[in-house]
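Engineer: Chains as they are written, first to last, in full-length UniProt numbering: chain A, 1 to 645; chain B, 1 to 217.
Check before you lean on any hint, since a few could be wrong.
Unchecked claim - Negatives, chain A to chain B, calculated, CB over 12 Å:
hint, residue
1, Y171
2, E357
3, P545
4, R562
5, Y632
6, L634
7, T636
8, V637
9, L641
10, L643
Claimed, not checked - DEER-style ranges, computed between Cβ atoms:
hint, chain 1, residue 1, chain 2, residue 2, range
11, B, K198, A, L621, 47 to 55 Å
12, A, L643, B, Y94, 20 to 28 Å
13, A, L621, B, E113, 43 to 51 Å
14, B, Y94, A, P257, 19 to 27 Å
15, B, S5, A, R645, 27 to 35 Å
16, A, L168, B, H55, 56 to 64 Å
Read the hints as simulated data drawn from the structure, not as lab findings.
Predicted, not measured: the structure shown is a model, and the values here were computed from it.
Ideal Cβ positions, reconstructed from N, Cα and C, are used throughout, including at glycine.
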Amino acid sequence: MGNKESQSFRQLFMGLSIVLAGAGLIWGTILTCRGGDWIKTGFQLFTEAGAGLSLTWKLDGLTVFFLFILLLGQGLSSLYALGYLKEYQDKNKSLWPFLINWFLFLASMFGVLLADDGFTFLLSWEMMSLFSFFLVLYEHEDPQNRKSAYIYFVMTHVATVLLTTAILYLYALTGSFAFEAWAKAVPTLSTSQLNLIFLAFFIGLGTKAGFVPFHIWLPYAHSAAPSPVSALMSGVMVKVALYLFIRLVWLTLGPGPVWWGWLFLLVGALSAIVGILSASVQSDLKKLLAFSTIENVGILGIALGSAFLARSWNNSWAMNLAFVAFFWHTIQHMLFKSLLFMGAGNIIQATHTRNMERLGGLLKRMPKTGFGALIGIIGITALPPLGGFWGEFMLFQSLWVNTAHLANGWSKVFLPLSIGVLALVGGLSIATFVKWFGISFLGQARSTVAEKAKEAHPVQYITPLIVGGLAVLSVLWPSAILALINLPLSVLRTGDVLGISSALGTPLNLSSTYLILLILLTVIVIVLSKRGIRRVTATWNCGGPLTPSLQYTAGGLTNPIRVLFTKVLGSHRHVEGDFAGTQYTLRSLTYEGKLKEVFEYSFYRPAIGGLIWLSSHIRKLQAGSIHLYLAYLLVTVIVVLILGR
Amino acid sequence: MIGISDNELNLVLLVLLVSGLIMVYSARVKNALNWWTLQTVFVSLLLIAEGYHNHAIEVIIFGVLLLVAKAGVIPILLRRVLKESKTEWVGEIYLKRALSLVFAGGLTLIAYEVTEPLMALHSGYRNGLAVAFALIFYGLLLMMARKVAIVQVLGILLIDNGIFLAGFFLTQGMPLLVELGAAFDILVGIVIIGILSKQMLENYDSLNVDHMRSLKG
Chain A
1 MGNKESQSFR QLFMGLSIVL AGAGLIWGTI LTCRGGDWIK TGFQLFTEAG AGLSLTWKLD
61 GLTVFFLFIL LLGQGLSSLY ALGYLKEYQD KNKSLWPFLI NWFLFLASMF GVLLADDGFT
121 FLLSWEMMSL FSFFLVLYEH EDPQNRKSAY IYFVMTHVAT VLLTTAILYL YALTGSFAFE
181 AWAKAVPTLS TSQLNLIFLA FFIGLGTKAG FVPFHIWLPY AHSAAPSPVS ALMSGVMVKV
241 ALYLFIRLVW LTLGPGPVWW GWLFLLVGAL SAIVGILSAS VQSDLKKLLA FSTIENVGIL
301 GIALGSAFLA RSWNNSWAMN LAFVAFFWHT IQHMLFKSLL FMGAGNIIQA THTRNMERLG
361 GLLKRMPKTG FGALIGIIGI TALPPLGGFW GEFMLFQSLW VNTAHLANGW SKVFLPLSIG
421 VLALVGGLSI ATFVKWFGIS FLGQARSTVA EKAKEAHPVQ YITPLIVGGL AVLSVLWPSA
481 ILALINLPLS VLRTGDVLGI SSALGTPLNL SSTYLILLIL LTVIVIVLSK RGIRRVTATW
541 NCGGPLTPSL QYTAGGLTNP IRVLFTKVLG SHRHVEGDFA GTQYTLRSLT YEGKLKEVFE
601 YSFYRPAIGG LIWLSSHIRK LQAGSIHLYL AYLLVTVIVV LILGR
Chain B
1 MIGISDNELN LVLLVLLVSG LIMVYSARVK NALNWWTLQT VFVSLLLIAE GYHNHAIEVI
61 IFGVLLLVAK AGVIPILLRR VLKESKTEWV GEIYLKRALS LVFAGGLTLI AYEVTEPLMA
121 LHSGYRNGLA VAFALIFYGL LLMMARKVAI VQVLGILLID NGIFLAGFFL TQGMPLLVEL
181 GAAFDILVGI VIIGILSKQM LENYDSLNVD HMRSLKG
């Protein structure tokens, strides 16, 4: 397709996507504002033939919440893609694979959210995996991207095997695919059966969500995909997997034993720590963001764990808090992570590198992108004025309320530890994003590509600013978001637990007040600093010339973290000095630092090695000798005849 | 199907079994082929005799067809392939002729063992079924322990005879159409194998199936 044609198709398709998303949002808002019983009980669509015979769909409050996120993500990412795809068009790369898979990917996510039976769910789920795989593979010219996509493909299929097994097992036990029928039959199942199904769901969905240790595909796939796709995958697809935890585990499998909650909490805490630690030492612009997604999924996992524990301890107060924190953080993370991926996309298009060691000084050259990214960073590191803070704050509260209501015992010892984990993660995430922003945007350019960088296409910096605006709006007008969060809560609330309003009461309604105070404070600071004396001089550098090599490197900035957590990160370094005669005169110094994907090396590599070893031994059966094959035949015939006697 | 007397039946069965054993033991492909032809003639004769005793004209017709198609056409086709490939010896591999005969004896015992519960009937038929299974086993043994592709074909033919006999004794007369189909099937199979062995000759210049190892992926 020609360049002109390509341009019109890009505008047509992405415009259509934006319009559809906008229309869906408006229509959905009108529909939900009108209210009705369907939010709680669900509204079934096209289900005449019933589950198993036709695809069945259902719309309820929980779905509406995630549909909102999906539509918002769709609209924003499409708007961004409108600008981002221009580069491919200029390179004369065919846009068809992108445009078609983009739509199909979005449609399949709608399918997963609306599915009301196991079969429909699996079908849409597989489509979602497949089309996102194609999108990750869009820049297939780079062998590294092909490898990333392949890892994603394999991992997601292993996960689907488990999901399929669990769903078929449930079908065998209940004779139906419908979620409702499962929920009804669950009380009749034994604990071990439930545990098995739960574990299969946990691993299957956890892989897609990016829980450690099933996360290894995520940093590869999210960084290899084109930036709008990364934004959509990180912001929305991961949340779809979390939605299914609520739909399939919370609502269908029911309360379950206490250890389910502990598992969520433990895996969540592990993901949060491993995610942020790995993120802090990355020097790849997008890989860092991908690891940060793992961290945030971990935080959401802790919230789910807290909710599960509160449910089994009958602590409705903590449960509501945990869920409000969960949904709030889901929205906020979607906004901020999309924003940051868009910022990263702008940098990549401007410099054609993802390596932070080659960036620097971009704030002067790309001020608008930089401003957008700054908003995203304040949000994602959970600094107070923006929404990231409020979500984590409520999560702290939920964990604390959970702990406070416990009788003395081991649980009371371990639960506060997760609060400590959350605090550690918060601190590390600030270090991480200071590095992300500081190394790429501040200081001097570390390479010529960074020096020659130019501000991106207007759409590409306006979209992040829109996202940032929405994030600010969500804090200024929290009651709108809370009304949205109320929708899934009305589905999840079982009977006579405490009213949601009491759980929501204090902290969030006050947030706007806090924000007004903060704005006043900022204004005062600005006014005061304007009046003060400013001196503009050259940076003092002990008298020597100021060169880019005097700055911190991306690796150096977070080196303390890397040294502290050597075991977790699997880092090792090698310093080699070239001395001239004595050890006091140094000619040159080379530093080589390496990071090992610990989980990849300690778990996946041995597992794959074992599989290959086993296959090579099994392969001996297939020696290629006809005589051997015939011998198998003879032995088989005899054995069958003897057994069949 | 009380037609042929026990003695006649046992005699035919003896011929079938012994011809099978001789095929396993034979050193030249041509001999094995001749013995197979003899065996097939006797299978057809068994069918014709059965039809004669039961006054079932279609069984007789089928027996005659079998005689012509299997004992007539197939040996001619195979002999042509033999001549073209200048194959003479069966090419022992894994098992020498004497040892394979011992194995064949063991397989005969197994055949009697596995057919024991299948036929609590007439002693003649009981033997017949056991011989049928023994022939199937011989065929597999022959294919397994010989190198030359033509011997593999003979193994298949031996198995086919065995299956035919087993069907004959178990069902006591399958519909004519099924039997015809089965016979036609093996005929087509042999034609295809003839073509394939020509291909093999062109590629490897011999009919040694060991060359097929290079096809392994």
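Engineer: For each hint, tell me whether it holds in the structure or not.
Structural biologist: Taking the hints in turn, this is what the structure says about them:
| no. | hint | result |
| --- | --- | --- |
| 1 | Y171 | holds, 37 Å |
| 2 | E357 | holds, 44 Å |
| 3 | P545 | holds, 64 Å |
| 4 | R562 | holds, 45 Å |
| 5 | Y632 | violated, 9 Å |
| 6 | L634 | violated, 4 Å |
| 7 | T636 | violated, 10 Å |
| 8 | V637 | violated, 7 Å |
| 9 | L641 | violated, 4 Å |
| 10 | L643 | violated, 10 Å |
| 11 | B:K198 x A:L621: 47 to 55 Å | violated, 31 Å |
| 12 | A:L643 x B:Y94: 20 to 28 Å | holds, 26 Å |
| 13 | A:L621 x B:E113: 43 to 51 Å | violated, 27 Å |
| 14 | B:Y94 x A:P257: 19 to 27 Å | violated, 58 Å |
| 15 | B:S5 x A:R645: 27 to 35 Å | holds, 30 Å |
| 16 | A:L168 x B:H55: 56 to 64 Å | holds, 58 Å |
The earlier numbered hints that this structure contradicts are 5, 6, 7, 8, 9, 10, 11, 13 and 14.
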